[in-house]
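Sequence lines, in order, name chains A and B.
The opening position of the first sequence corresponds to residue 87 in the numbering used here, with each subsequent residue numbered one higher.
The opening position of the second sequence corresponds to residue -14 in the numbering used here, with each subsequent residue numbered one higher.
Careful, some of the hints might be misleading.
To be verified - Computed from the model, here is a short list of chain A residues facing chain B with C-beta under 8 Å: (1) T264; (2) A337; (3) I379; (4) H442.
Claimed, not checked - Some chain A residues flagged as far from chain B (calculated, every beta-carbon gap over 12 Å): (5) R170; (6) G212; (7) D318; (8) P326; (9) Q363; (10) N366; (11) G434; (12) L462.
As the list claims (entries may be wrong) - Simulated restraints, written as ranges between beta carbons of each label pair: (13) D217(A) to S149(B): 53 to 61 Å; (14) R156(B) to P372(A): 30 to 38 Å; (15) D72(B) to D343(A): 51 to 59 Å; (16) R398(A) to S149(B): 24 to 32 Å; (17) E421(A) to A89(B): 46 to 54 Å; (18) D487(A) to D72(B): 27 to 35 Å; (19) G310(A) to A130(B): 17 to 25 Å; (20) I146(B) to E464(A): 21 to 29 Å; (21) A125(B) to G400(A): 20 to 28 Å; (22) S149(B) to S399(A): 22 to 30 Å; (23) S149(B) to G179(A): 54 to 62 Å; (24) L461(A) to A125(B): 39 to 47 Å; (25) S149(B) to I163(A): 46 to 54 Å; (26) L461(A) to I146(B): 24 to 32 Å.
The hints are simulated quantities; they were obtained by calculation from the structure and are not laboratory data.
Just so you know, these numbers come straight off a predicted model, no measurement behind them.
Glycine is no exception: its CB is placed at the ideal position from the N, C-alpha and C atoms.
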Amino acid sequence: MRAHLALILAALLLAPAGAALAQDEPLRIEITEGTMAPMPIALRIEAEGEAVALAAEITGVIEADLTGTGLFTLAEIRDLPDTRFDRAVDYVGWKATDTEALVTGSVSAEGDKIVVRFRLFDIFAGQPLGDGMQLDAPRAGWRRAAHKIADQIYARITGEAPYFDSRIAFIGESGPATARIKRVGVMDADGADVKWLTAGGELALSPRFSPDGRTVLYTSFASGMPQIMAMDVESVRALPLTSDPRAMSFAPRYSPDGQWIAFSRETAGNTDIWIMQVGNPRFSKPLTQGPSIDTAPSWSPDGRQIVFESDRSGNSQLYIMRADGSDPVRISFGEGGGYGEPAWSPRGDRIAFTRHGRQGSAIGIMRPDGSDERLLTEGPGDAGPSWAPNGRVLIFTRQPDEEGSAQLHSVDITGRNMRPVALNDAASDPAWGPLLP
Amino acid sequence: MRLKLALVAAVLALAACNMPADPPVVSAPVTDPYVTDAGGNAVYLGDVNKPGSRLPGDPAADTAPDAQFAAVGNTVYFAENEATLSDDARQTLTRQAAWLVQNAGATAMVEGHADEPGTREFNLALGARRATSVREYLVAKGVEAGRIQTVSFGKERPASICASEASCLARNRRAVTAVSQSQAGV
Chain A
87 MRAHLALILA ALLLAPAGAA LAQDEPLRIE ITEGTMAPMP IALRIEAEGE
137 AVALAAEITG VIEADLTGTG LFTLAEIRDL PDTRFDRAVD YVGWKATDTE
187 ALVTGSVSAE GDKIVVRFRL FDIFAGQPLG DGMQLDAPRA GWRRAAHKIA
237 DQIYARITGE APYFDSRIAF IGESGPATAR IKRVGVMDAD GADVKWLTAG
287 GELALSPRFS PDGRTVLYTS FASGMPQIMA MDVESVRALP LTSDPRAMSF
337 APRYSPDGQW IAFSRETAGN TDIWIMQVGN PRFSKPLTQG PSIDTAPSWS
387 PDGRQIVFES DRSGNSQLYI MRADGSDPVR ISFGEGGGYG EPAWSPRGDR
437 IAFTRHGRQG SAIGIMRPDG SDERLLTEGP GDAGPSWAPN GRVLIFTRQP
487 DEEGSAQLHS VDITGRNMRP VALNDAASDP AWGPLLP
Chain B
-14 MRLKLALVAA VLALAACNMP ADPPVVSAPV TDPYVTDAGG NAVYLGDVNK
36 PGSRLPGDPA ADTAPDAQFA AVGNTVYFAE NEATLSDDAR QTLTRQAAWL
86 VQNAGATAMV EGHADEPGTR EFNLALGARR ATSVREYLVA KGVEAGRIQT
136 VSFGKERPAS ICASEASCLA RNRRAVTAVS QSQAGV
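Next comes chain A alone, as it looks inside the complex:
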């Protein structure tokens, strides 16, 4: 699993040439719509011999990805039209069912290699939606092949960028609250294939993926003092990026180009935001200076600005400054309680945050100018939002109460489809990584 997952995505012109242009509106889900019935979809993925079980597993992963968005539902079909991957689709027969989108596919396996092919059809319009595709993958990479197909279906129907084939770094929690064991883990976006990167002997906090997904930064107490570590995900080797014993360094975040790391550095009780060069961690400089606590930086996707949490006005609020530290501007002004842990959407259009008040904490979003603030969750123990690579879904920590165990939940940008992430371990501090190549 650790080995390179060479997933070859080959677009074959499997679609019949000269397919009739339909007059109907193309199949489409607008995610920003208020309420919407999920779209019925049917999957017919065929296989022979030993590949039959694999085809069923792949079908299961694609179905779980799609229905997990709340945008799709599996069509209930009484009289299944005869459907084969290499034959024309019986649109008339399928129209008689409630199916709106049909996926046909085939899975074959030979030795360590599998080949998965699929086509997507718009039943109402009576035409294929995009090209047919073939994915060649090692057998161990079957889940990724399934996520890639689900991504294609999602992207073609919603018009949004895909996100299923990605990973999430998080902190696994165990033991009593007064002596919590915390270790860094990574998992697939659907909660499968958990891999632990640290052993739990030392406290580890707030992991973040590099833009290429190969490195996870986190804050480690291994030296007795919080310091920033860079973990190579494949080799599971960690390298300290900071080591000054008189300064705590924490809250590391990569710039979008992967060249810089913004982080918090504390000396003599005062915490400021600094940046260091990834290629030369010894070169670092402060972006903020002053007696306030400045922490939790998050870069804009163009790398020009940084949003961060500061108590310079008395309690925690959100501020945006240029990436050189100039022109800080406050953007959060809600009455009662503070704002923290800002996360700039990879699309640039929203900033997610944790909002604190008397009733606990909840997850919200606002535009980068501070307008259009909306709470997406009700709390009372929601914190630490992180964006899916397409900027349409957030993952966050839900702490039911101090004695309950923390769980990861996801919600989409409209506030709908709140659901727990399928993960057997108590977990916090999720950080969504990039879409995998």
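For this one, chain A is given, so just place chain B on it according to the hints.
Showing chain B alone in chain A's frame:
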């Protein structure tokens, strides 16, 4: 406060002894649970009959500086989102400073902590602010700066597990001083 109460109780006990109907008292050695610090003030070391409380000259005192220090009061508490020291905290820290001045071979690590409200990283910074407040006070009271280190655990190591009761959360907003004998030559 506890000191005053103890005195009142002692006065009452003495008054009781003078009552004519009192049964004869078997004499017992008197142990003084107070020691005198460098500033000439009495320092209460706790009930000598309880483990962890030591009298001066007790050989165990030299081998367990941490237990001895705990009797001085190793923890101070803070208001919400604050790192300023209360009068109570200053009294405790004055005793800590006196102990550290007296025990010149000891070094201290001040651990700052925060309660559950607030973000993880903000609380890490807040804990550092609290630990530094304590360190600065100890230094002002005569402890060499080089003997005191600080670290913050933010909200990662609560003393009490709280739902949201204010009194419980208050126990987690704290700075704990831990002492150890420094190694020779360091």
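Which earlier hints turn out false for this structure, listed by number in ascending order?
-> none
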